[in-house]
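Put together the whole structure using the sequences plus the hints.
Chains as they are written, first to last, in the numbering used here: chain W, 1 to 76; chain V, 101 to 176; chain C, 201 to 276; chain F, 301 to 376; chain U, 401 to 476; chain R, 501 to 576; chain L, 601 to 676.
Simulated from the structure, these hints should not be mistaken for laboratory data.
Just so you know, even glycine gets a beta-carbon here, dropped at the ideal spot from N, CA and C.
Nothing false has been slipped in among the hints.
Derived EDC-like pairs (lysine to aspartate or glutamate); straight-line CA-CA distance at most 20 angstroms:
(1) C:K212 x V:D106
(2) W:K19 x V:E125
(3) R:K514 x L:E642
(4) F:K372 x U:E442
Far from chain U by the CB rule (all over 12 angstroms, computed), these chain R residues:
(5) K514
(6) R515
(7) K572
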Amino acid sequence: MERPIDVLNNAKGKRVLIKLKKGPEISGLLQALDLHLNMWLENAEQISEGETIKLGTVLVRGDNILYVSPEKSEKE
Amino acid sequence: MERPIDVLNNAKGKRVLIKLKKGPEISGLLQALDLHLNMWLENAEQISEGETIKLGTVLVRGDNILYVSPEKSEKE
Amino acid sequence: MERPIDVLNNAKGKRVLIKLKKGPEISGLLQALDLHLNMWLENAEQISEGETIKLGTVLVRGDNILYVSPEKSEKE
Amino acid sequence: MERPIDVLNNAKGKRVLIKLKKGPEISGLLQALDLHLNMWLENAEQISEGETIKLGTVLVRGDNILYVSPEKSEKE
Amino acid sequence: MERPIDVLNNAKGKRVLIKLKKGPEISGLLQALDLHLNMWLENAEQISEGETIKLGTVLVRGDNILYVSPEKSEKE
Amino acid sequence: MERPIDVLNNAKGKRVLIKLKKGPEISGLLQALDLHLNMWLENAEQISEGETIKLGTVLVRGDNILYVSPEKSEKE
Amino acid sequence: MERPIDVLNNAKGKRVLIKLKKGPEISGLLQALDLHLNMWLENAEQISEGETIKLGTVLVRGDNILYVSPEKSEKE
Numbered sequence: 001m002e003r004p005i006d007v008l009n010n011a012k013g014k015r016v017l018i019k020l021k022k023g024p025e026i027s028g029l030l031q032a033l034d035l036h037l038n039m040w041l042e043n044a045e046q047i048s049e050g051e052t053i054k055l056g057t058v059l060v061r062g063d064n065i066l067y068v069s070p071e072k073s074e075k076e
Numbered sequence: 101m102e103r104p105i106d107v108l109n110n111a112k113g114k115r116v117l118i119k120l121k122k123g124p125e126i127s128g129l130l131q132a133l134d135l136h137l138n139m140w141l142e143n144a145e146q147i148s149e150g151e152t153i154k155l156g157t158v159l160v161r162g163d164n165i166l167y168v169s170p171e172k173s174e175k176e
Numbered sequence: 201m202e203r204p205i206d207v208l209n210n211a212k213g214k215r216v217l218i219k220l221k222k223g224p225e226i227s228g229l230l231q232a233l234d235l236h237l238n239m240w241l242e243n244a245e246q247i248s249e250g251e252t253i254k255l256g257t258v259l260v261r262g263d264n265i266l267y268v269s270p271e272k273s274e275k276e
Numbered sequence: 301m302e303r304p305i306d307v308l309n310n311a312k313g314k315r316v317l318i319k320l321k322k323g324p325e326i327s328g329l330l331q332a333l334d335l336h337l338n339m340w341l342e343n344a345e346q347i348s349e350g351e352t353i354k355l356g357t358v359l360v361r362g363d364n365i366l367y368v369s370p371e372k373s374e375k376e
Numbered sequence: 401m402e403r404p405i406d407v408l409n410n411a412k413g414k415r416v417l418i419k420l421k422k423g424p425e426i427s428g429l430l431q432a433l434d435l436h437l438n439m440w441l442e443n444a445e446q447i448s449e450g451e452t453i454k455l456g457t458v459l460v461r462g463d464n465i466l467y468v469s470p471e472k473s474e475k476e
Numbered sequence: 501m502e503r504p505i506d507v508l509n510n511a512k513g514k515r516v517l518i519k520l521k522k523g524p525e526i527s528g529l530l531q532a533l534d535l536h537l538n539m540w541l542e543n544a545e546q547i548s549e550g551e552t553i554k555l556g557t558v559l560v561r562g563d564n565i566l567y568v569s570p571e572k573s574e575k576e
Numbered sequence: 601m602e603r604p605i606d607v608l609n610n611a612k613g614k615r616v617l618i619k620l621k622k623g624p625e626i627s628g629l630l631q632a633l634d635l636h637l638n639m640w641l642e643n644a645e646q647i648s649e650g651e652t653i654k655l656g657t658v659l660v661r662g663d664n665i666l667y668v669s670p671e672k673s674e675k676e
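What follows is the structure, encoded as structure tokens:
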């Protein structure tokens, strides 16, 4: 049976967009995640009011997350 | 014995409407869910003040949810 | 020994009124509930400042609830 | 060894006053309670700015509670 | 090995002062407590902006507490 | 393997400074602590806008804490 | 299988930057961490509106954290 988290397990190595409960959006290449939605991202960027700040490698604590969306690959 | 979550297990593959504690409503085709109400949606949309934004595939973290409502099929 | 939740187990199939921590009241026919007070309602309505909005079938996440009150049947 | 909750186990069938974290006070006859301080009250009333509203039977979710006080019987 | 809660186990029967996260201070004779810092107090008083309100017997839910301080006996 | 809490286990008997999520700072001699960061302090003081208030013995509930810093001994 | 926390296990002894949910940023040399993201830092600094305050040794409680970013070494 599929679990919600499988949508992210399938997105490893791809770029995901994290919408936080408060504050900016964060995007990055998904390296690892767990059941709390803690996420390790590479090449991460913070997007706030149209401005992009490079964060590099980050661990986002899952309890800050509203939703996560894997970016569509161009072939899809 | 029926559990509250069964109302959503029966709604897999159908469109559900998520009312968040704060912020916009999100609707999408329910792909998977768990006991925390984490939900994987396909063809998701965010509805905020009458404006609709396409989100595509999303994983909504369950602790943000006020209530979830499966859309009625037209035959019902 | 009676548990608090038994007051709602006895109210299955009857209309209950949910007072949320924030925002509107929700009423509906109680179909199922669990120990977190997650509740599956049928024929649900949202009552906000005197205005009633039909919600149909909903699953309310229990952590939003301040209190729940089963409606008295007219014979009581 | 006595536990804090024993003060309420001893108050079953008596009127208790619940001070909520936010909003009104609620009083009622204590029917049942659990370790989360979920409480089933009969003949409950909500007291807000001097105004009393009859609630009848309610289940109060324990995480809303600041403190609970059993009313003194007149013989005490 | 000593645990933080032992400072309150040693204060049973004595007056303690509870500083809440929000709102008034509460003092009372400590009757019982548990690991969540739920506390049963006798002869409790609420102190708010210099005004004292008698509460009598109360059970304070531990998650509201910032800190607790046992009153010094006069011999100490 | 070292755990974060070991930095405080090594600070027992020494003065620590607690930065709370909201409100004043609290300092005191660390007597005992647990994994939730509940802390028993002796000779505690509350520091708020440059003003110091003596608290004596306190148990600080760990969920209020932003960070804790052991004071450097003068020899270090 | 990699876990999100491994990105920080690999950063022990290096400087990390902690973005808090509210308030300042904190940076320091990572000494130890656990699954709640409680973190023991040495030579920590608090950065708030361009101003830097030396904190020395700190234990940051994990539930305050939005994200953590290990600083890139200059060779990378």
